[in-house]
Amino acid sequence: MRLVFTFALLLLSVSFGGALKCNFCMSRGNSCVPSVQTCPRYMDACGSVLYISPYLGITRNCMNMATCQTFMHMPNVAAICCSTDLCN
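With mature numbering (1 follows the signal peptide of the UniProt record, and there is no 0) applied, the sequence shown corresponds to residues -19 to -1, 1 to 69, in that order.
There could be a bad hint or two in this list.
Unchecked claim - Derived CB-CB ranges, DEER-like:
{"#": "1", "residue 1": "Thr48", "residue 2": "Lys2", "range": "14 to 24 Å"}
{"#": "2", "residue 1": "Leu67", "residue 2": "Gly38", "range": "13 to 23 Å"}
{"#": "3", "residue 1": "Gly(-2)", "residue 2": "Ser34", "range": "30 to 40 Å"}
{"#": "4", "residue 1": "Cys68", "residue 2": "Ser8", "range": "13 to 23 Å"}
{"#": "5", "residue 1": "Cys6", "residue 2": "Thr48", "range": "14 to 24 Å"}
{"#": "6", "residue 1": "Met7", "residue 2": "His54", "range": "19 to 29 Å"}
{"#": "7", "residue 1": "Val14", "residue 2": "Met55", "range": "23 to 33 Å"}
{"#": "8", "residue 1": "Gly(-2)", "residue 2": "Pro35", "range": "33 to 43 Å"}
{"#": "9", "residue 1": "Pro35", "residue 2": "Ala(-1)", "range": "32 to 42 Å"}
{"#": "10", "residue 1": "Ala59", "residue 2": "Val17", "range": "19 to 29 Å"}
{"#": "11", "residue 1": "Ala(-1)", "residue 2": "Ser34", "range": "26 to 36 Å"}
Everything labelled a hint here was simulated from the structure, so no lab data went into it.
In this text, all values refer to a predicted model and were calculated from it rather than measured experimentally.
Where is the CB? At the ideal position from N, CA and C, for every residue including glycine.
Assemble the whole structure, with the sequences as input and the hints as a guide.
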């Protein structure tokens, strides 16, 4: 019985483990003051995207890792993608 209880607790901790937390802000210019955003389950990355041209702006938020990585290959954009709490 104890083994079943331990397994059930383990399963619950995997199913309901803490969601990823990311810095969140959007601003014109190259800096912003972030707040903390709890990501939905389908968002598995934190991203920082700096738009260089034609207008300077920054955004930090929860993203899908694949979507975030597409920003890394765009011209006039600098992006960082990571997957630990508040890494952006």
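Hint check results:
no.: 1; hint: Thr48 to Lys2: 14 to 24 Å; verdict: 18 Å, holds
no.: 2; hint: Leu67 to Gly38: 13 to 23 Å; verdict: 21 Å, holds
no.: 3; hint: Gly(-2) to Ser34: 30 to 40 Å; verdict: 38 Å, holds
no.: 4; hint: Cys68 to Ser8: 13 to 23 Å; verdict: 19 Å, holds
no.: 5; hint: Cys6 to Thr48: 14 to 24 Å; verdict: 18 Å, holds
no.: 6; hint: Met7 to His54: 19 to 29 Å; verdict: 21 Å, holds
no.: 7; hint: Val14 to Met55: 23 to 33 Å; verdict: 25 Å, holds
no.: 8; hint: Gly(-2) to Pro35: 33 to 43 Å; verdict: 39 Å, holds
no.: 9; hint: Pro35 to Ala(-1): 32 to 42 Å; verdict: 35 Å, holds
no.: 10; hint: Ala59 to Val17: 19 to 29 Å; verdict: 23 Å, holds
no.: 11; hint: Ala(-1) to Ser34: 26 to 36 Å; verdict: 34 Å, holds
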